[in-house]
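Taken in order, these protein sequences are the chains called R and G.
Under the numbering used here, residues 1 to 803 are what the first sequence spells out, in order.
Under the numbering used here, residues 804 to 953 are what the second sequence spells out, in order.
Note that these hints are calculated values from the structure, not bench results.
The beta-carbon is built from N, C-alpha and C at its ideal position, and this holds for glycine as well.
Relax, there's no trap hidden among the hints.
Have a look at the derived ranges for each label pair, beta carbon to beta carbon:
#1 G:D834 with R:A59: 41 to 47 Å
#2 G:M804 with R:L166: 56 to 62 Å
#3 R:N621 with G:R953: 56 to 62 Å
Over 12 Å on every C-beta distance to chain R, these chain G residues come out as not near it, computed from the model:
#4 E805
#5 T807
#6 T809
#7 D855
#8 G856
#9 S872
#10 A914
#11 L916
#12 A918
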Amino acid sequence: MTTVAPQVEIGRSTLGESVPRKEDRRLTQGQGVFVDDVKRHGMGYLHFVRSPYAHAHIASIDVSRAEEIKGVYGTLTGEEVAALTDPFFQIAGAPGGQIKDFSLAVGKVRYVGEPVVAVVAETRELARDASELVEVEYEPLPALVDARKALDPEAPVLHDDAGANLMWEGVYEWGDLDAAFAEADRVVRIPELHFHRFNSTPLECDGALVEYNRGTGQWTIHTNNQFPGFAAIMMGPAMRTGLDKLRFVTQDIGGGFGNKITSHPQLVVCCLLARKLNRPVQWTEWRTDFHLSMSHGNERWFRETEVAVKDDGTLLGFRTKALDDAGAWLRYEPLGGVIWAQVTPGMYRWRNIRVDFTQVATNKAPVSPNRGYSRMQHLWFTERVIDIVARELQLDPVEVRKRNYVRVEDMPYETPNGCVYDSGDYAQMLDIALDLIGWDSMNDRRADAAARGKRLGVGIGSTLDSGTNNFGQSRLINPELQFSGNNEVATVKLDIFGEIVVTLGTTPQGQGHETTAAQVVAEILNCSVDDVHVRAGHDSYWNSHAGFSGTYASQFAVTGLSAVKGATEMLAAEIKKLAGAVFGGVPADALELADGGVRIKESPDAFLPFMACGAIINANNAGLPDDLGVTLNCRYVYRPPFQVPDVERKFGNLTLTYAAQIHVAVVEVDPETGYYDIVDYAAVDDCGKRINPQIVEGQVMGATAQALGAAVHEVFSYDEDGNLLTPNFYDYHVPHALDMPRLQTGYVESPSPFTPLGTKGMGEGGGAGIHAVCAAIQDATGAVVTTSHNPYHRVWELLEETA
Amino acid sequence: MEVTVTVNGTAYERDVEPRKLLIHFLRDDLDLTGSHIGCDTGNCGACSIIVDGVLVKSCMLLAVQADGSEIETVEGLADGDRLTELQQAFSDHHALQCGYCTPGMLMSATALLRANASPSDEEIKKALQGNICRCTGYWNIFEAVKSVAR
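Construct the entire structure; sequences and hints are all you get.
So this is what it looks like as structure tokens:
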């Protein structure tokens, strides 16, 4: 790996150092606790009976043969669910908000793999066998698979309650489009671009172990859901219960990438069955179940795009019609209809933009957040536009980018829709990336490839990883919603023997929160990272969570670590206050924390170790001043500085930070077959202050690998009847060790002026690899690349187009 | 059916259903939850273990097929608290994030290094190609294994 020198000085102590991860010891020994590792006496295993049809009426359900089997504990049907629960709260207003979404299909199925009945039995195998005995009679209906046909008058309608397949639509317009197009030398027209359906397929599927306490009426939900705060507000009202009755517990989570946000329907089924059967219920999704039903990424079309440009490549504005395929249910949608607006202009200075956004339902699995959620689709679009414009104007894509990038001197930069890009130098990042792949010698390499019968192509992906959501953006979707801002919680305490104990509200899935949180605590308490004990996982019993707690949307380095910083600073102040009293009235500014304790600066022998502090407050506190106000148990809620966006103008800052990525891919295409290799790859990242560079680089690599997989191989494709053609890892090819190209990484550190540590949320990377590969294929083949998914046969088609 | 196996040096005897997969036997019957399940189709390698010296995916075997065998799993790698060189290298090189694929990766790499202490770059990648990781992109896993190779 190549690393490029930082632009800002790294701070003292361990902030900015790659300290070893605390998590690794247990995880390398197989001692992690993942959800399927949790067991309880007498638990039953849950298996879902799923729809074999994309669209059908349920004529009848008969569970009697399944229930007769010895060892089968019981079943749950949609009819029971409809009686015991209310439909899930809908984020959308009308028409999408009128649909009635329950945790099992009621009356009708709307995609292949939709859960229809749940069966619980003594063993996994028995539950699966018994599911085969559940008799469901279906009356098949025509299926809607192509979102572009969803609004045709003859299209089958999924949800009668909504009247049609339109779920949400909205017009976003900023600037003066007429003036921009009048000023333009050229209007570049792009009939249709398509962003395909895939997701990050975390290696661990979804799951839960749910216990019901009959005496207190409380459910304990051991799960790998990555956003318990969201699950709670979905589940509580549906289950007609207060949130105090829903205890969420996680420890190690085997990857999430957004795909584990919307498991609330399955969790409700587990809860209902744990109560009905009076025993713990265990559910672990099978791989095929996951592929059929869980959190596909948003599939999106951009149609009738028009771009206003000057002959020199100056971008004035664009208009497009975005069509989003939500699948069968709105589980987190239609938030994808606004999330993209966090990065409306991409990295560019165009000021006049109109997007007509339409989201429709289809007979496919529901979409939900997937790494780079909704911004990735939009940034792929803006990058495609740049390269198509460059091609049409016969300009160098590098020069078009540099001419139009938001400049370092523009920072902080307010976009046309009111988002404030906090810092960064995109042109410099591009230079670093080009340098890493050897841009200066590219003509020689093109010639060399040609001599070997190959076509070389170079492509750039410029993206933003907007992080720390302002949930007020949901009001641009539905002005009736009462969400805004964001929050995260940490507690830091000093226990009796001086143990420094940290509790987080987050639900990490490999991002090393225990480690980076400890680094921040150690920095403030002036102690060793090894002395800081960060509790693994999340437990809503700990009172260390808030409404938006979780791990999603690139925010831990801002929300999580700022909460840790706040709580630790409170603790440091309390330690000094206590020591001041113990030392007989020494003011706080005369004290300092060092060597695992607190001492008087001028006379360091006057030293009180943390152990003594913890012991005094917790176990030996008689005689302390009445008004001391010290607990050494500090809870801090970090609340980012947000305003409610202007709903009328669809204007406001939608996230707090805007980390940036520039990726460059070099491909060699075999013109005979369309097969191509990625022969060189550079990824340059700027996420502001890096607390632990090794962890940051790991996120950069992971996001890159997922993007390359999506660009070349991964797709959830359906046949015309709505059958998923890639329901397992045989058909859905994710990259293997042999697939990975040579990778060079570089970085720039532009601290965010808006966050307590100068950090920016990161980890999603906006799918830069997809954009870069598309651009490289366009460069190599000379054909306009119109889809985000370019397997070898697709590239062969492109070659045919230009032959 | 009666199944007798030795896992990481400990002998176990259990009555199991003939159709039970070896991975479910290890995880559910013996409570050795270090080996994981990621796919059900033999693609992902999260369940990789060593049976009688041979690297296998334990979701591709029935428990009864393992009767009489000596099994090694991730739980048996470290010597008490002392990590193997390979385990330590995984941490040093940040070769794991969520850690779900890690036990299988470690077993595959362990089997490789036993058979070939000086693998080439290509041999390392081939040895790992049966193990899927969705977090790291494999680059750091490769570096970790390479750092232990002689």
